[in-house]
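Colleague: Each chain, letter by letter, is given below.
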Amino acid sequence: MVDITNEVGRKRPLLEIKDLKLDFLTEEGTVKALDNVNITVKKGEIHGLIGETGCGKSVTSLTTLGLLDDNARIRGGEVIYKGKDLLKMDENTLRQKVRGNEISMIFQNPSTSLNPVYTAGEQIRESVVIYQSDDKKEAQKLVLDELDRVKLPDPEDVYDKYPHELSGGMQQRVMIAMMLACDSNLLIADEPTTALDVSIQAQFLKVLQELKESEGLSILYITHDMAVISEICDVVTVMYGGQIAETADVSDLFNTPKHPYTIGLIHSVPGVKESIEEFETIPGTVPRLINPPSGCRFHPRCEYAREICKKEKPNLEEIEKNHYVACHFWEEVE
Amino acid sequence: MNIVETKNLKKFFESKKGTVKAVNGVSLNVIKGEVLGIVGESGCGKTTLGRTILKLIHPTSGKIFFDGTDITDLDGKNMRKLRKKMNVVFQDPVSSLNPQMTVYDHLNRPLEIHNMVDSEDEKIRRMVDILNTMGLKAEHLIRYPHELSGGQKQRVCIARALCLEPDFLVLDEPTSALDVSVQSKILKLLDRAKEKFDVSYMFISHNINLVRAISDRLGVMYLGKLVEVGKTGDIFENPKHPYTKALFKSVPQPDPDKKVEAPLTGQVPSPVNPPEGCAFEPRCPYKETICERESPDLIGSYGRKIACHVFGKRES
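Going down the list, the protein sequences come from chains R and B. Here my numbering is used: position 323 in the first sequence is 323, and no number is missing along the way. Heads up, my numbering is the position in the second sequence plus 1000, with the first residue counted as 1.
Wrong hints could be hidden among the right ones.
If you want a taste of the chain B side facing chain R, the calculated C-beta under 8 angstroms gives, among others [to be verified]:
{"hint": "1", "residue": "1181"}
{"hint": "2", "residue": "1185"}
{"hint": "3", "residue": "1212"}
{"hint": "4", "residue": "1213"}
{"hint": "5", "residue": "1246"}
{"hint": "6", "residue": "1251"}
{"hint": "7", "residue": "1253"}
{"hint": "8", "residue": "1255"}
{"hint": "9", "residue": "1256"}
{"hint": "10", "residue": "1290"}
Hints are computed from structural coordinates only; laboratory data are not their basis. Even glycine gets a Cβ: it sits at the ideal position worked out from N, Cα and C.
Excised from the complex, chain R in its bound form (with noise of 0.2 angstroms):
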């Protein structure tokens, strides 16, 4: 196996997230989104976000692209891509500039972001055309290049194939081809296979660790499944209640998670344990983030909280090379 650690040393950041502070209005209250959320993607590294429904694991990615809500407060922080704070360009900009031939996204549910009346080679030529070369045969050419890129079986038929008539897998498939026509070299993915069955699923991460391997690609992916995470990531990071628990090497991070939250999250998947008497669960449940909870959001269900956890939030602290713990007692964590 590749020494992860030594390479990750060399790698450069690509997409460094800073200090993020993100509030939602909305009629019940002030929803506190995103709470110093620091996040840096290293250049051909597959990063993992992983936490639970609303820890803010999909805010912080649209923020990064500028495709917040029109109710979303930016409070604070730096989203620095080569060197330039996102959050400072305009519209334009970001989307004559970054989206698209910088970062692209993947959604959950590929068939509501293919459109329903252009076959998939037709989408995937619109990519090319504006990014690669507008003569239509030499368009229609590297369109079949791309599908081949993501393995799709036959991709002459796949280009004349409307998405209705494409499997998930395959949309999913059409929907990277589209991105690599973008020759991005940021891709978010935001829970990309969560639709897809195990088979696959398979196979569609299998696509994604070549192009990682073989193009240097950096992905940001976003899921809620340990499992996944644990295939494909070199380092990952849990948010919870938007906040940041812990970032770390994917095999430090399972092997010796230092977060109550992230131990609680690791000992709840099943797979790790193997019967129902030995899972184990977190008390409660996610918190709401019109009231978060004050200090250490995680502290109404950690076993480990104190006096302080309530009042002091945490600092995301370096216990040991590229491993980040925003705990007050990590050390006593087991």
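Following the hints, put chain B in place on chain R, whose structure we already have.
Modeller: For chain B alone, coordinates are given in the frame of chain R:
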């Protein structure tokens, strides 16, 4: 002793494109007190199977036995009496609960319909008891669904299914809409309720790790048919059907040192006019000429059965 048994059960749907053979000849049994897991990918017919067994939809052909009695052709009136013995919990608790009804109302309806209680006191006692079993409190009786979290809603659905003290429950992806930390809690509660109410489950899911943890026996479905049945531990230790083998290899494990393979190429064929022979034949690496022509029977011994021309023979 079987609580449920099916014999060559079929459920076909007519569509513009042709006949959809959603359940295409399934024979299975659920032993009293056990959890039978049913796994398979989308479109394999696992949900239709669950619904047909409960006669929520009428089978096209085949037989369904409940506690030894043939219920296949039971009329509405007699079926209604049986409803309290068998029940179902669906995937999405939000659409299973009426937003205008409190938890009390949801539990009250089945108890009233089946005349399960004599007095209001007894009714409340019973409701609170069942809520407690599901980790909820008496105060939840006056809550509306929107006041509950996703996990609590699903616990109400399970409580409603259990309040008539059924003998058999179909759990159709009961935790798929929930977060993992909540999922493990629901599984523990289901496990506890099983002991307390002496009920048997048919647990349908696409999450193979999950089914592995909860079920005693396992049935693997592919395109409307069972391809392998046996004790959960045996099947995981030594999967025999080529589809089961490939499926298990595709499942990611929460361990960075274990990587999946992607042995299955191609897609599941359409259940409209499925292949003449073995449904898995087009994707199977071990296929022989017979596989194209003839659909294999589910055969084997000691409760371990597989439907495969190539590996089935070696079994029996």
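Colleague: Should the interface hint for residue 1255/B be scored as holding, given a Cβ-Cβ cut-off of 8 angstroms against chain R?
Modeller: holds, 6 angstroms
Colleague: Is the interface hint satisfied for residue 1251/B? The criterion is a beta-carbon contact with chain R at less than 8 angstroms.
Modeller: The hint holds - residue 1251/B has a Cβ within 8 angstroms of chain R, the shortest such distance being about 5 angstroms.
Colleague: Given residue 1181/B as an interface hint, is its Cβ closer than 8 angstroms to any Cβ of chain R?
Modeller: The hint holds - residue 1181/B has a Cβ within 8 angstroms of chain R, the shortest such distance being about 4 angstroms.
Colleague: Restraint: residue 1246/B near chain R, CB-CB cut 8 angstroms. Satisfied or not?
Modeller: holds, 7 angstroms
Colleague: Tell me if the interface restraint on residue 1256/B is satisfied: Cβ within less than 8 angstroms of some Cβ in chain R.
Modeller: With a minimum Cβ separation of about 5 angstroms from chain R (threshold 8 angstroms), the hint on residue 1256/B holds.
Colleague: Does the nearest C-beta of chain R fall within a distance shorter than 8 angstroms of the C-beta of residue 1290/B?
Modeller: violated, 24 angstroms
Colleague: Classify the hint on residue 1212/B as holds or violated, based on whether any CB of chain R lies nearer than 8 angstroms to its CB.
Modeller: Where the cut-off is 8 angstroms and the nearest Cβ of chain R is about 7 angstroms from residue 1212/B, the hint holds.
Colleague: Can we keep the residue 1213/B interface hint, with Cβ of chain R closer than 8 angstroms?
Modeller: Nearest chain R Cβ about 5 angstroms off; hint holds.
Colleague: Go through the hint on residue 1253/B and say holds or violated, using the shortest Cβ distance to chain R against 8 angstroms.
Modeller: This interface hint holds because 5 angstroms falls under the 8 angstroms limit.
Colleague: The hint names residue 1185/B as touching chain R; please verify it with the least Cβ-Cβ distance against 8 angstroms.
Modeller: holds, 4 angstroms
This entry does not satisfy hint 10, going by the numbered hints stated previously; all others are met.
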